[in-house]
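Could you build the full structure based on these sequences and the hints that come with them?
Residues per chain are reported as follows:
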Amino acid sequence: MSSDKPAFKYPLSWRILDHAENVAALWPRRWSPLTGYLLLLPALLLVFVLVIGLVYIFDYSLHELDLATYRLKDAFSLVNYHVALKSATYRTVVLRSLGASFIVTAITTVLAFPYAYVMVRARSSGTRKFLLISLFLPFFIGQVVRAYGWLIILGKEGLLNTLLASLGLPPIKLIYNYPAVVLGLVQYMLPFAVLLIAPAITAIGEEIELASESLGANWVKTFRHVVIPLAKPGLVGSAVVVFTLTLTDFAMPEILGGGTTDFIANSIYDGFFQLSNPGLGSALSMILVTLGSVFVTVLFSLAGTGTLVSRENVR
Amino acid sequence: MTGSRSKTAVLWSVVWFNLITLSLPTIIILGASFTSGNIVQFPPDGFSLKWYGKLWLLEDFKAAFLRTVYVSVICTLISIPSGTLAAIALARYRIRFRTALQVYLLLPFTIPLVVSGLGMMIIFGEIRILGQLWPVGVALCVINLPFMIWAVSATVNALDPDLENAAANCGAPPLQAFLTVTLPAVMPGVITGALLMFILAFNEFLVSLFLTDARIVTLPVSIYNSIRSVITPDLAAVSVVYIVIAFVAVWLLDRLVGLELFLRSK
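Heads up: the protein sequence lines correspond to chains A and B, in order. This note's numbering applies: residue 1 is where the first sequence begins, and numbers increase by one. This note's numbering applies: residue 1001 is where the second sequence begins, and numbers increase by one.
Quick caveat, the hints were computed from the structure, so don't treat them as lab data. Keep in mind that this is a model prediction, so the values were computed, not measured. Mixed in with the good hints there might be a few duds.
Okay, derived cross-link-like pairs now, DSS-like style, lysine-lysine, Cα gap no bigger than 25 Å in a straight line [what the hints assert, rightly or not]:
#: 1; chain 1: B; residue 1: K1007; chain 2: A; residue 2: K232
#: 2; chain 1: A; residue 1: K129; chain 2: B; residue 2: K1050
#: 3; chain 1: A; residue 1: K232; chain 2: A; residue 2: K221
#: 4; chain 1: B; residue 1: K1007; chain 2: A; residue 2: K221
Encoded structure:
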């Protein structure tokens, strides 16, 4: 009754998989409607850290700083909001941040749209790749390093002032002012904007443009009446991202503004670490969160959610 | 591109303006790092690699660099399973309140970074892990997680559910179908996401500023601290590390999934 053939050996990977399958089978079949939630759980828990943090900050914002002990008092009060909303300094800071957000969004959109269009419609794949690489390189270099680059260019003895001096012109102050911060922010936002606009342009068939032009519209008219309206979802998405990122930015105003052009985030930082008043810093944080949410809600209700909220069909 | 010569001229002049704006800081930093002088100035004093040589002698820099790698690896390792599973769950499973959960998972983008950073600083302080390095990695994962979910979602949505049905039909138990059909199909998304998570964590500044102190400072924060004191060419050489890593990341991304992926319409 002996067999010459060696017994068939299960490969190790099969055995491991079988064991894993047995472990997976411990999850009872009737719980299977919950499987999706189980898979979501780690991500939900990670993001929950931010929710707890927000609750803490909201709580801090409702307690006044006791100047005797430098701790927050136990009693609830709205003093921090009162201070933040009444102070002329903070009003300037809020208006400056909002103003910069509008300016940066406008400039970035105007610059990013042609870039995205040329990139998507480029005939040669070499051109397209060159434009993509030029976009991704700065995208992968953080704000601090890029701001440092601008400091070398715009600084008192930087590239531009040296050029001016060699032409016999007096140096001009190019950093630590509003335009420098706007320039730094526009450069930072360009890759975000282009990458959000480009898919919307891809979705527009080139034959639609050809049709428009064959009916006698020149390219400006085609852009105005065909391409830009069709690209609206991408433009809305890009505007939302650029606006909120600018509104909440810290590094550019800090490094290129040099304390002269503080945004809300810089004031929050100062509230916590210079004034040692977490209550006031938290109240400013809540104001920033509110401002951002209000803007996003208003834009979404005016223009639709764009490409940011996907509505994929599920089986 | 269709159209007239004026269209080409106008669009390309904007594109060239963008290209210069985008690349100028990088080029200038590269140039400044090769100076042989002791200060950053124009024209540079001459060409030398001495600042790169000095880089190896800067213990602070080396330590900050290693710490940054450490937190970026932690961030990436946490984000791969949590982000991949979340994206698959959202696309493949029956989930109630899907839209609400999607909005919830976008909270890291909608809550301002400065607020997220301070919130986590407070929490980490409360549970007494502030001042350690690994929580910084977790924090960086939290704030960038939507990138991971987005990258994987794109590939899950492109995957025909009938492939998974076919596997099940051929007798594959759920886990086997998942491991041999779903997972390989979404791999390009996982790779894109993991690369983005690593590079964003490597560059993250503001949240690290709140969560690190002088003992565990990461590279972006240490560059920021040096900018505030005095600008020397060794800082340019340190920054070149970032430029090199960005080049490697772009090359990898192009080789692994192709940059054209980002132009596709949904």
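Is the Cα-Cα distance between K1007/B and K221/A 25 Å or less?
holds, 11 Å
Given the hint that K129/A pairs with K1050/B, does the C-alpha gap stay at or below 25 Å?
Cα-Cα ~34 Å, so violated.
With a cut-off of 25 Å on the C-alpha distance, tell me whether K232/A and K221/A pass.
holds, 16 Å
Under the criterion that the straight-line Cα-Cα distance not exceed 25 Å, is the pair K1007/B, K232/A satisfied?
This hinted pair holds, its Cα atoms lying about 21 Å apart.
The structure fails to meet hint 2 from the earlier list, while all remaining hints are met.
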